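Below, each chain spelled out in residue letters.
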Amino acid sequence: MNRKSGIVVSWWALALFLVIVALLAPVFMSGYALRFCTFVLMWIGLAGSLNLLTGYTGYLDFGHVAFFGTGSYVTGVLMLKVGLPFFPAMFTGAVVAALIAYLVGIPTMRLKGAYFAIAMLAFAEAMKHVVLELDGITGGGNGLSLPIYTNYTFFYYTMLAAVAFTIAITYWFGRSKFGYALKAIREDELAADVSGVNTFSCKLIAFAISAFVAGMIGGIYAYWMTFLTPDDSFNVLLTVRMIIMAFLGGAGTVLGPIIGATFLASIEEILWASFAYTYLIIVGIIVVIVVLYIPRGIVGLISEKLIKRYGKGRKSA
Amino acid sequence: MLLQVLLNGILIGGIYASFAVGFSLIFGVLRIVNIVHGEFIMLGAFITYWLYSIFGIDPFLSLPVSFILLFAGGYLLQRFVINRIIEAPEIMSLLLTFGLSLIIVNIALIVWKGDYRLVNPEYAGANLELGTLIIPYIRLATCVFALLAVGGLQFFLQHTNTGRAIKATSQSKDGARLQGVNPARIYAITFALGAAITAIAGSLLSMSFSVFPAMGGDYLLFSFFIVVVGGMGDLPGALVGGFILGILQSLVTNFIGAGLNYIVIFLVLYIMLITRPAGIFGRGLIE
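For the protein sequence lines, the chains are C and V, in the order given. All letters in the first sequence, in the order written, are residues 0 to 316 by numbering that gives the first Met the number 0. All letters in the second sequence, in the order written, are residues 0 to 286 by numbering that gives the first Met the number 0.
Calculated from the structure, these hints are not laboratory results. Note that this is a predicted model, so its numbers are computed, not measured. Where is the CB? At the ideal position from N, CA and C, for every residue including glycine. Just so you know, not all the hints are guaranteed correct.
Said to hold, decoys possible - Pair ranges (Cβ atoms, derived):
#1 C:Phe226 with V:Ile273: 36 to 46 Å
#2 C:Asn197 with V:Val143: 48 to 58 Å
#3 C:Asp134 with V:Ile273: 24 to 34 Å
Only chain C is shown next, with the shape it has when bound in the complex (with noise of 0.2 Å):
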């Protein structure tokens, strides 16, 4: 009993030890270094708003990328076009971004996991194309230039208020009534549906929330870079990168996106400039091990090693 307070204990420290370094991270940096921690921000961000919904409802979303494009789309044209400011433009495109995941999801969720996967694949692709179609606006194939601004400790501290959130939420899905409903689903759809689940209005909830945490990181994106495209914006490849992130880590948990994404985007930085094929055998390798040996993720694997040492809170108590 007491070791494991004392594991509690120095969780807690560990923690915050992290906070405070993220915190006081831009004092330390610049430049290179302090995109590059923006940018795993982001992976943060995006791997935990696919966790939102594939950790916590087992749906699998294999077009998740399109929230993601159309956050980063809509903040783009609003503060070009109607000259909003970025906050105002950026909760527009994350809202909008939540509104079209449940029209989405209305038809897609009722049916098995695997219709939804692929639908969502078909629903990115839709997207990206009506982006490009649709010029006037967004200036299609050519592209969309946003103000420049390039104060970059600006968007290291936007990205990381938008990554507490996530985890705010994420930690919330783990411990309110909302976040049993979605886990019963994960385990069996049929017998939470029986027990008095509505298990069609939560899974639909829970991907509106995913998909306003991804459209949001999306707006933060596109002021950040000043410039989109519909393939920059709406590339498959995020998507890969959202849900090998989340899985490696451990999906489902609150630290495992944030170990996944920290990790990949390391071997990322490393790999991706020279060797981007090799890169994602390897990414492809990972997964392939993660679903046949370890398919909770590193977390999973790291506290089942912790019950095994300490024995679980209930038996010591």
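Could you slot chain V onto chain C? The hints should help.
Positioned in the frame of chain C, the structure of chain V alone reads:
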């Protein structure tokens, strides 16, 4: 003009049907949505391209090679990799086949680079002219071969012991096991057959469309669209779905604009999933 557009759609629809049948067969028996499906098409297309460009072998003669190689590859893949998670939640098979797809596409990108290639035999330009209608011989022949492959598969399923064991397993795995059928073996054969017929479709596609490592993604989407329209696991439905997609694409490309193809595909998919999730004939699996 309209007649010509419809005809073009039908000719390509036959090939679409043949790879969708592979997708539907695997789903109907193994109950997994196979994300590697598009890569089977790509591999079939590259086998034909290689045999043609290096050894000068006629593309139609490469069909048996595609069939045999992908049959063997599919068998091994199912037996030693996918079969390990066949009882796991469906998200695991989606993730696993997705990981395999990443590996295959990117190995192909290293080996073949991202260039677009064409299989272009001498007779590629020859046409049959019926009044104002123009029918390229090669399109006609590829469509006929695709339909023969679908017919052959259907015959195999209905008139051989292994085929009947496959059908029995899809209806009831435990029931089939009680009759002495080994599900693991049937799963591997089914997956192999699905991969092989899909590879033939890929070989046929290579004679009319460009061949490149990432070509599979679009065809995976098309396969999914077709089996949703035709009904998941319903092979005759996949045939009809293939023709519907071929005609739809031909109409959209000619009369509205090629850029709208994906938008129309998604809208039709969306409407189908709301109104007829079990396919137009209502015979698909939707549990």
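Evaluation of the provided hints:
Restraint check, Phe226 of chain C to Ile273 of chain V: a C-beta distance of roughly 37 Å satisfies the suggested window 36 to 46 Å. In this structure, Asn197 of chain C and Val143 of chain V meet the distance hint of 48 to 58 Å, their C-beta atoms being roughly 52 Å apart. For Asp134 of chain C paired with Ile273 of chain V, a C-beta distance near 30 Å keeps the hint of 24 to 34 Å intact.
The structure agrees with every numbered hint stated previously.
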